[in-house]
Amino acid sequence: MGPILFNVFALLTVIAALGTVLNKNAVNAAMSFMLCLVGVAGLFVLLEAYLLAFVLLLVYAGAVAALFLFIVMLLDTHALRRPFQSTSVVAATIAGALLAVGVLAIYKQPELAAVALPDGPGVGASLKGYAYQLFTTYLLPVQIVGFLLLIAMLGVIVLSKKFETETKVVGGE
Amino acid sequence: MISATLNTYIVLSALLFAIGFFGVLLRKNTLILFMGLELMLVASTLALAAFSRFNGTNDGNVFVFFILTVAAAEVAVGLAIIVTLFRRRQTIEVDELTALKN
Numbered sequence: 815m816g817p818i819l820f821n822v823f824a825l826l827t828v829i830a831a832l833g834t835v836l837n838k839n840a841v842n843a844a845m846s847f848m849l850c851l852v853g854v855a856g857l858f859v860l861l862e863a864y865l866l867a868f869v870l871l872l873v874y875a876g877a878v879a880a881l882f883l884f885i886v887m888l889l890d891t892h893a894l895r896r897p898f899q900s901t902s903v904v905a906a907t908i909a910g911a912l913l914a915v916g917v918l919a920i921y922k923q924p925e926l927a928a929v930a931l932p933d934g935p936g937v938g939a940s941l942k943g944y945a946y947q948l949f950t951t952y953l954l955p956v957q958i959v960g961f962l963l964l965i966a967m968l969g970v971i972v973l974s975k976k977f978e979t980e981t982k983v984v985g986g987e
Numbered sequence: 279m280i281s282a283t284l285n286t287y288i289v290l291s292a293l294l295f296a297i298g299f300f301g302v303l304l305r306k307n308t309l310i311l312f313m314g315l316e317l318m319l320v321a322s323t324l325a326l327a328a329f330s331r332f333n334g335t336n337d338g339n340v341f342v343f344f345i346l347t348v349a350a351a352e353v354a355v356g357l358a359i360i361v362t363l364f365r366r367r368q369t370i371e372v373d374e375l376t377a378l379k380n
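From first to last, the protein sequence lines stand for chains A and B. Quick note on numbering: the first sequence equals residues 815 to 987 in the numbering used here. Quick note on numbering: the second sequence equals residues 279 to 380 in the numbering used here.
So here's chain A without its partners, still in its complex pose:
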């Protein structure tokens, strides 16, 4: 059952990612993005990182993709006739070749393929491990990330608020 599910989720993820990048319509792209995240969450479940799968679905497929859809509909941009840039095709070709070489190098690596799954349930399967590490080893990063979220919230408010002076300058001209 495991290998079949891995294939299904991997295929779903890659196809949905391609759909995100290639779609002309931004709404369809956001929907494909959501599907891709569901596929990645499935892969997380196969890796026995249940908490991460849940958080990915909640934060990414729930909040982030919904925010994307909201902004797409708010801005209401028309679909472009030629949605791809022609100027960076050369850059994309070179980057693609380099990436292919890198991926092949990883794939041919016998040491990576030889790593066997450890026996028993995965370390990410239980909540206890996360809780212990977050409150001991990673206590400072947790606080920094909390501060970062606060700053991001303030930044978003400052960015999207229309200030009084700004409108006056525009109106005065």
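Keep in mind that the hints were calculated from the coordinates and are not lab data. Treat the hints with caution; some may be incorrect.
Said to hold, decoys possible - In silico DMTMM-like links for lysine to aspartate or glutamate, alpha-carbon gap of 20 Å or less:
#: 1; chain 1: B; residue 1: K306; chain 2: B; residue 2: D373
#: 2; chain 1: A; residue 1: K942; chain 2: B; residue 2: D337
#: 3; chain 1: A; residue 1: K975; chain 2: B; residue 2: D337
#: 4; chain 1: B; residue 1: K379; chain 2: B; residue 2: D337
#: 5; chain 1: B; residue 1: K306; chain 2: B; residue 2: E374
#: 6; chain 1: B; residue 1: K306; chain 2: A; residue 2: D890
#: 7; chain 1: A; residue 1: K838; chain 2: B; residue 2: E352
#: 8; chain 1: A; residue 1: K838; chain 2: B; residue 2: D373
#: 9; chain 1: A; residue 1: K838; chain 2: A; residue 2: D890
#: 10; chain 1: A; residue 1: K942; chain 2: A; residue 2: E862
#: 11; chain 1: A; residue 1: K838; chain 2: B; residue 2: D337
Given chain A, put chain B in place with the hints provided.
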């Protein structure tokens, strides 16, 4: 059928990263470009989770946790910037945003 070994996970992650990267390189719509950026982040989390599972340590999973948090903050700020951009310039196409050129 592909077996679920460590290097298949790494290759899958690299493939996702590449797809997102090409989205960033090739698209004109800033929103879809941003989605490509998010795909790259998710691809990196997949690699971290796979390494964590196969090595039997939990640090990779905790790192994925932090990446998800930072990505959520990044999306909020990025989309606010895009909305402000649209309000000022009435466009979000990268070809027309050339204020910093020359």
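Each hint tested on the structure:
1. B:K306 to B:D373: holds (7 Å)
2. A:K942 to B:D337: The given pair, whose Cα atoms are some 13 Å apart, holds under the 20 Å limit.
3. A:K975 to B:D337: Violated, because 39 Å separates the two Cα atoms, which is more than 20 Å.
4. B:K379 to B:D337: It is violated: about 43 Å lies between the C-alpha atoms, which goes past 20 Å.
5. B:K306 to B:E374: At roughly 9 Å apart (the allowed maximum being 20 Å), B:E374 and B:K306 satisfy the hint.
6. B:K306 to A:D890: holds (15 Å)
7. A:K838 to B:E352: violated (24 Å)
8. A:K838 to B:D373: holds (16 Å)
9. A:K838 to A:D890: Holds, at roughly 14 Å.
10. A:K942 to A:E862: holds (14 Å)
11. A:K838 to B:D337: Given pair A:K838, B:D337 is violated - Cα atoms ~39 Å apart, limit 20 Å.
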